[in-house]
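The numbering used here runs 3 ahead of the 1-based position in the sequence shown.
Hints listed in this document are in silico derivations from the structure and should not be mistaken for laboratory results. Possibly wrong hints are sitting among the right ones.
Pair ranges (Cβ atoms, derived) [what the hints assert, rightly or not]:
hint	residue 1	residue 2	range
1	V153	L188	17 to 25 Å
2	E134	M243	44 to 52 Å
3	K93	G210	37 to 45 Å
As a list, the in silico DSSO-like pairs of lysine-lysine whose alpha-carbon atoms are at most 27 Å apart [to be verified]:
hint	residue 1	residue 2
4	K179	K213
5	K154	K198
6	K179	K154
7	K213	K223
8	K108	K93
9	K83	K119
10	K154	K143
11	K143	K199
12	K198	K226
13	K251	K213
The beta carbon of each residue, even a glycine, is placed where N, CA and C say it ideally should be.
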Amino acid sequence: MCRTRIYLSVCLSMLLIGLVSSASAQAAQGTKSKKDSTAVNGYTGVDSSFYYAGDVWSVAHYEKGHMHGSYQLWYENGEKWFEGVFKEGKPYHVLMEYYQDGGRKMEIMRNGDVEKTVAWYENGNTSYEMEFKSGLPQNKHVYWYANGNVKLESNFAEGLRDGIWSYYTSDGVLEKRENYEKDKLVLQENYHGGKKHGAYQAWYSNGYPKVSGMYVADAKHGKWLYYNPVGKLIREEEYMNGEQINRKSY
4 MCRTRIYLSV CLSMLLIGLV SSASAQAAQG TKSKKDSTAV NGYTGVDSSF YYAGDVWSVA
64 HYEKGHMHGS YQLWYENGEK WFEGVFKEGK PYHVLMEYYQ DGGRKMEIMR NGDVEKTVAW
124 YENGNTSYEM EFKSGLPQNK HVYWYANGNV KLESNFAEGL RDGIWSYYTS DGVLEKRENY
184 EKDKLVLQEN YHGGKKHGAY QAWYSNGYPK VSGMYVADAK HGKWLYYNPV GKLIREEEYM
244 NGEQINRKSY
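Could you build the full structure based on these sequences and the hints that come with them?
Here it is, written out as structure tokens:
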């Protein structure tokens, strides 16, 4: 299961379930099915469904009761909706989903236990790129705004948030950065206009606070507090526009 508080979507199985369920719901009242082989449990053959107007809605291949081979869906206007290959009931190699005007919507590339997913906005700009391994998010995931600017850069290791997460405004300006170690937040800093601005907080890997303070236009400002690994306050510093004006140790 994908573990993140702001995660847009999802493991490969959930993407497929959502797509097929959506297709079924929208076409269920306007299609009829015809199997080109005997419809019994464990059947082998082709299952074709049609819109009542006669146009093809779906064509699926089965072997011994499992989806095996190509699977395709079409919109009612005749444009391709989805195409992919399944092997023994599981998605295999490349799966593609399209918008109703024929533009690419999502591509899932599967190689062994590794899946890479790319999605696009209707205007053709990339929406997100994600990678999974054994169903868990892995490596770098990137999300974009519809205007093409980066929205979020995130990193995972074995399904856990790990490394730098950078958040951007729709104008492409960095507004927040976080650092994770095995799904634990160890650093959070805020930005404004590309400069450190606002609260700064750091934690030890055991969850205890390490440092807390404030930046104003890239300069330390106000009171900064420092703690030891068991959460005990060991030092206070006070700054004015980047210059230290007071210091106290405990």
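Please work out if K143 and K199 have their alpha carbons no farther apart than 27 Å. Satisfied, since the Cα-Cα distance of roughly 24 Å is no more than 27 Å.
So if I understand the rule, the pair passes when the alpha-carbon distance is 27 Å or less; does K108 with K93 pass? Measuring from Cα to Cα gives roughly 21 Å; hence the hint holds.
Pair hint K213 and K223, alpha-carbon separation not exceeding 27 Å: The hint holds at about 16 Å.
Between the alpha carbons of K251 and K213, is the straight-line distance 27 Å or under? Holds - the C-alpha atoms of K213 and K251 are around 16 Å apart, at most 27 Å.
For the pair supplied as a hint, K179 and K213, is the alpha-carbon distance within the 27 Å limit? This hinted pair holds, its Cα atoms lying about 19 Å apart.
Keeping to a limit of 27 Å between CA atoms, is the pair of K154 and K198 held or broken? At roughly 17 Å apart (the allowed maximum being 27 Å), K198 and K154 satisfy the hint.
Need the status of pair K83, K119: alpha-carbon distance at most 27 Å? Holds, because 21 Å separates the two Cα atoms, which is no more than 27 Å.
Quick one, are K198 and K226 close enough, alpha carbons at most 27 Å? The given pair, whose Cα atoms are some 19 Å apart, holds under the 27 Å limit.
Hint check for M243 and E134 - Cβ pair distance inside 44 to 52 Å: 46 Å Cβ-Cβ, so the 44 to 52 Å window holds.
Do K93 and G210 keep their Cβ atoms within the hinted range of 37 to 45 Å? Given range 37 to 45 Å: holds, Cβ gap about 39 Å.
Can the suggested window of 17 to 25 Å be confirmed for the beta-carbon pair V153 and L188? holds, 21 Å
When you check the alpha-carbon spacing of K154 and K143, does it fall within 27 Å? Holds, at about 13 Å.
Taken one by one, the earlier hints all hold for this structure without exception.
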